[in-house]
Each structure stands twice: as C-alpha cells, then as structure tokens.
Amino acid sequence: MRTTSPLVGALLLWHLLAITLGSLRSPYSPPAPPRSVPPSRLAQALDAVAVVQARLHARLWHIQEPVRPAIDAYLTMTGMAQPWNMFSNPPQYDEYLRVRFYIERARNPHQTRVATELVMPVAREDQLRLFRAYRESYEDKAYSIALQRFYRNRAAHLIAPDTKSSELPNDLAPIGRFYARRFAERGLSQGERIVRIEVWRGAAATPPPGRPVDEAARLARRAVLLEYYQGPVDERFNVPRVPPYHGVDYDADIEWLLEYFEEPS
Amino acid sequence: MSTGGAATPVERCHRFWFRQIPPHVYAVLRIAFGVLCLLDLLGATPISMFWDLNGIAPLPGGGTWGFRSWVVASGFAPVAAWVVFTGTLLAYLCMTLGIGGQAAVFASLLANVWQTAWNVLPLSASHQALTAVLFSLVWADCGQVLTVSPTRNAATPPQPQSIAPLRVLQYQVCLIYFSSGVSKFSNELWRDGSAIYYAMSHNVVQRFPVDVLPLPLQGVATLTTYGTLAFELAFPLLVAWRRTRIVTLIAGVGLHLGAWVTLEVGPFSWVMIATYIAFLPPERLATLVDEVWQRKAARYRPSTPSQGL
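In order, the protein sequences belong to chains A and B. If you count the first sequence from 1, position 66 lands on 66 in the numbering used here, and the numbers rise without skipping. If you count the second sequence from 1, position 76 lands on 76 in the numbering used here, and the numbers rise without skipping.
Treat the hints as calculated values from the structure; they're not laboratory data. Keep in mind that the hints are not guaranteed to be accurate.
Partial selection, computed: residues in chain A whose CB lies under 8 Å from chain B [what the hints assert, rightly or not]:
1) T20
2) A50
3) M120
4) R129
5) E139
6) A142
For each label pair, taking beta carbons as the anchor points, the in silico distance ranges come out as [to be verified]:
7) B:T244 to A:W61: 27 to 37 Å
8) A:G210 to B:C13: 47 to 57 Å
9) A:P109 to B:S74: 29 to 39 Å
10) B:I47 to A:L11: 36 to 46 Å
11) B:I47 to A:D234: 21 to 31 Å
12) A:G210 to B:R243: 37 to 47 Å
13) B:R284 to A:P27: 41 to 51 Å
A virtual CB, placed ideally from N, CA and C, is assigned to each residue, including glycine.
Isolated chain B, as found in the complex:
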C-alpha cells in the first residue's frame, strides 16, 4: 500500500486512494472470484432443495415485495427455481470468462444478492464475503485482460484503472478479520484457549471422525486458538506495513489451509485466501500476468501476435 513520493498529505492521500494501476489485478480477482462464486452456487444444490421455494427455504410472506409469495401461489416455484439458478450460473460463467465486461460482474453481484433474498438458509459467511468482493469489483473494468471475449482481444491496449476499488476491497478484508477477532475476543472460550478444541470436536463441522480432540493435540489447539485471535486482531496493522505484509499473507494462507484441512465449512478458506490477491503489488502482478499470458500465446498461437493485454 505504498503511497509513493507525493508532496503534501492531501496529495499523498489522493494518490493512495485514486492513483491509476494496470487492470490486471482486477482481471485476476474477477477470475478467482468467478470460480469461487460457481463453487458457492454448486454447494447450494440440489435445485429442488435450495432453489425451489417449496424446498428448504424460508416460507414466503416475509419479503418486502411479496415476489416469493407470488411465485409459490402461482404454482411456478419449480420453474422459477430453474430460471433463477440458470441465470445465476450464466452470470458467474460470463464473469469468470470475461464475457460482457463490467456488465457480467454487475449481473453477478445482483445474482449474488438476489440469492440471499431468495433463500438465505444455506448461505454462510463465505457467500457474504463474495458479495463484498463483487461490490468492490463492479467499480473497475475487470474484463480488459485475461478474457475469452473476442471483441476485447481485438481492442485497444488495456486502460489503467483507479486503485480505489482495490483499496475498498483491502479495507473490507481488514474489517472482516478485525471484526471477527473482536467478536471472538468477546467470548470466554477464545480467551481461555478452548475455542478451537470445541470447534474441532463439534460433530457438524469436524472433518475427522473424532469424538473429541485427542489429548496430545489439545495443547496445539490452545496455541492455535490464541494464534488465530492474535492474527485476526493484528491483521489490519500487519498487512498495512510493507515489511510484515508478505509474512502476514503467508501466515493467513497457512491458517486458512489448516482450517480447511480440519473443518468443513464450505468455501470460506478459499474465499479468504483469494482476497489476498488484492494485497499483491498491482504493477508486479501485471508484469507477471503479461509474461505468463504471452508465453502461453506464443506456445498455442505462434503466428498470432499477443493480444488483449
């Protein structure tokens, strides 16, 4: 989060929030979160269970506009389930492939929010994190590079984008960790070091079939409890400081992979790891993407000059 060498604090602040960056980071985020949105969508299946309003979904009647009630009363609930699911799937596919540019990202955000209104029951914090990321991405043109769209590939060189959406995303990620850390600190199980023991012994989320965590591992669980608490509370500071940023991100990857190995809580670990893309230097990421893309283009289309970058 370097602010460069602007003269006055106002200019530095302006540069921090609004300087122009290559669009590659937004494209990488678009693809990563497109894939994660698709995974999230596939988790909330079968369609008859979570998309049909006669399935496991809140009974209609509590909505603002009564649309769900109308769908059920009209007898079209099974058809509507397929329409909504397919529309959402198409929006996510287009976003991932870079078809439709910003419109596809906006459609994905709408679909994501719509899914929450349609049936909130199977959705966890990872869905909300996806919504928050998509909200940041709609403000940037994410479809300029790494796209299969032929019109984009033939277009003029990619235009730089404002860093503001990336800053909003970085702030959101810091907020997720800090808010989660404060909530945890308010609970005595986190303060006495037993929270991870109880989480890993819980029959609904545990991955390994153990009644309770074995005694030799309980000390590790206590250390992990305090480590997680410290990491989440300190994340905003550690990631803001350039010297500790990479170590913090590596530690975060380790933390989330550890959670994924031991607990089954949907795509949350992967969503949080993917948000770390927002903390990588956008210029270096652009160079890397260009190199990889050109190498691939040279391998598969040796007679065609590199396009779309």
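Here chain A stands alone, though its shape is the one from the complex:
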C-alpha cells in the first residue's frame, strides 16, 4: 500500500469540510406567507419535523460562524461556491419584465412618445418550448439574477415615490441600457432621442392547486401578451404619464411595478 502525505489528507479533509459548511444557507429568512390551502396530515407532520430541523439548522449555523470567513474566502478563491437551492422556493406567480422608453423629438420636446418592450420571459408562453428555449433560458436567468441582486441591494426606505434614480442600485441598469441601445438602432427616427428608461417587473398570481383558472383573466392576459409579442408597443397619442418611483400599472391580471429608471443626459 502506498503512503499518502498527511498534508494531502489534511487538504482533502479541509476541502470536504469547506464545501459541506459552504452549502449551509443562513437559517434566518422572512416568515412564509400563510398557506392558501389547508395542509394535509402529511404536511402537518412534515411541518412539525421542519420546526426541529430549523432549530438544528440555526444551531449548526451558530457553531460554524467562527470559521465561516475562512470557508467563504476559500470557496471564493477556488470558485467553489455551493448554491444548491434550485427550485427550493418556486414562485406562486407568473413573472414578467418589461422596459419602457420615453422618446423626445428635438424639434418638439413636448411631444413625447413611449415604447414598451416585453423582455421576460424571452419565449412566448403560448407555444411549446423546444431547442431555441435552451439558449433563451440563459437570458431569462440573467434577468432573474439581476432582479434578485437588485432586491438584495435596494434599501427598504428607497421604496418611496420621490426616490431618485441615482439612489437606486444599478443591477437593472444593464438591462434597460441594452434594450435602449437596441431600440435606438432600430426604432428611432432622425432627431429623436430616448430621455427616460424604465424597467418594470410584472407578476400575476397562479391559482393554488385545485382552484380553477379565471377564464376571463386568462384571455385578457393572452390578448395583452399577443400585443407585446409583435415587438415594442408604441404609444403616440394616449402617452402614459411619467409615474412616481414604484408606481403601479396593470395589463389584464399582470400587476406591474416600476423598479428602476434612469434619465440619460
């Protein structure tokens, strides 16, 4: 039998310890909303086990806290982050993201038009998603991660009507600017310029299991989405007013919230 250096053994042990503790998530999360349907007996039994598991989790988290900085440093250095919480919290709503541009004419600055473009989901949701959807899933992921980072970085006090663009985290700026550039290349006439970019996030609740879908709302949403699928929706006459920050807008049962805006100089 060959002998192995104790250093190799120690490094191996450290690596296994680091990835194990690195996979541990913080046990402190916001309380879950009340259930929309009464839990079954099995769910109640599992809830009781989850209480014990949460206590153990919090205990383990507390125990490993002193070595956490060293572990985080090692995992960052080696690129070995352990984010294994895929689908652990599936959304109970459909998600959308749209960008809106306010366009001014040089000759008549008071005559503004507005163009709105749906960017997420990339694929149409009324069609089967096959091979092209593979690449599109990366794009959806990019929007989803940008939103997560934005929510993590935005302080709660910034959710106020008079919040200035410069106060907001810039995590959604690349999305707004990318589509603004693309729109400027294709959709601007001579003498026009984009004076305001907005990024809106939309949500429409999914009915709980066993509940029927509201057919009228479904058809209304389908009609709205069909309009978006044709390309940027141009509004020249009934131009929407500039909303306050975190303003609300509705398209059928989709509730839109203005999450980010900027006004290019």
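Using the hints, position chain B against chain A.
For chain B alone, coordinates are given in the frame of chain A:
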C-alpha cells in the same frame, strides 16, 4: 464504493480514499463534461449580449481588481468579449478532445471560474456544478486515454490514478442532492406537496404552454414533489450502499429526464446525469472502454495495433 478487504480501519480508510484505479473513468468524465461545458458556453450567447461588458452584464466597479472597469474604460469591451469567449471555447475543446492533458482541464477550470467573475448573470446552478466537477478532475490525469492527442497515443501504457478525485466528486454530488433536499424541506410548498405544481405552472421555466397544471395531473405533481424530496434527502445513503446504488442512479436518471421534459432550466439535468459516471465501478468501466475502443480501432485501422489504452 467498495473498500476491499484491508485489515485495519485505517488501512481500509486509506484504501477507500487513495487506492489506484484505471484512468478511464477520468477520461470519460473529461469528455462528458467537456461537451457539457461547450453546451453551457453556447447557451450564454450571443457574445454581444453576455460577453461584451456593455451588454447584459453587471456594471463594472464591484470587482476586486478593477479589471472589468479597465476593459470598459479602455473601449476594448467588444474585443475583450471575443478574446475571452474564444479562449474559453478553445480550453473546452482541448479538454473534450484530450489535447493538452491536465493543462487543458486546468485551463477549463480557470475559464469556468473566470466566466463567473466576468458575467454571472446568465449562469445557473448547472454552471456551478460544472465548476465543482472540473475542480475534482484537475487532480487526475484525465488525458491518458480516449484522446486525439498523437503524443499520448504513442506513449507508454496508461498509468493508474488515485481514486481520491473521484471520491471528492462523489461527495460533491451527494452534497448537491442533500443540500438541495434540505433547502426544499425548509419550504412549506415542498412540505405540502404543491412545489412541482407551481414549478410546472411557472411561465418562465415551463416547457408546455399551460396556464396551470391540468387538474388530472395535479395528483401526479404532488407525488413527484414528495418523491423528489425523498430522493434528494436519501441520495447519499442510497448511493453509498452497493445494493441500492444502481436503482438509485436509474431513479435519478428518470427524475432528471422528467425534469428536462417538463421544464427548461438549461443543462442542469444533463450535468447531474453525467455526474453518475463517477459512481460506476472504475475497473468495469475501463474494461468496457477498452473493448469499445479496440473494436472501433479494429474497424477503422485494421493494420494498426490498438494504441493509447
């Protein structure tokens, strides 16, 4: 994960972690994950969107060394995008084909980690799983067999490799499942059986155009929710025990294929299925690879003796 018949627990432990195995399993993993890295790379395109720092990428300024800021400020962002993308592509191609041996695997790991630092936005858990696999593979010589490298084919017979990198990979896969299972168990939607219903009804990831999962399938979704939870939590135990290992791996393949058919979440299903290669007996896999390779060599080059094995 047999430890054989070593006498003392220390020897058995040593044998478990460090015994020598044929290098074929590492070569098969190298090819499988090379292909998956290429697929992952192609997903994160077009280059102007995800590699150009003026595209959909975090704004420069938050990095440690300010390299991204410098690239943008210098006006070279579009050129840098092509350079980084092409370099990554070459590293993955070399690894897949077995050109450059361990250096190509190391370059692929660097490229993989670099991509995360360059633009994390389009990258999902499958990219992180690829990084974890590459990290294990850099410690073994994966380019001894199943390679197009002419120098390797003419070299001496393949040298056995330590099983330690394979054990690290097996542990990592168990950790992925168990950690994912614990995270899921912490969420009430998984405990009340509705998680798969919501996942399959979600407009961003669903493959089939349904508003919500049809009523007759909701019972199946509940069973699948509990089945997935049980599978993920029990995977480390079930795969460690030799009697349940193959059944567990077959169930895992079924689970991931089911997820792939119903949800579009990038290459994650394929990445996880490919990690199961690490749980196959290395000696039997080597025999199988040798047989297949020799048969192919005999078919295409009947006058040349089998090489590179």
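Consistency of the hints with the structure:
| no. | hint | result |
| --- | --- | --- |
| 1 | T20 | holds, 6 Å |
| 2 | A50 | holds, 6 Å |
| 3 | M120 | holds, 7 Å |
| 4 | R129 | holds, 5 Å |
| 5 | E139 | holds, 7 Å |
| 6 | A142 | holds, 4 Å |
| 7 | B:T244 to A:W61: 27 to 37 Å | holds, 31 Å |
| 8 | A:G210 to B:C13: 47 to 57 Å | holds, 52 Å |
| 9 | A:P109 to B:S74: 29 to 39 Å | holds, 35 Å |
| 10 | B:I47 to A:L11: 36 to 46 Å | holds, 38 Å |
| 11 | B:I47 to A:D234: 21 to 31 Å | holds, 29 Å |
| 12 | A:G210 to B:R243: 37 to 47 Å | holds, 39 Å |
| 13 | B:R284 to A:P27: 41 to 51 Å | holds, 43 Å |
Violated hints: none; the structure is consistent with every hint.
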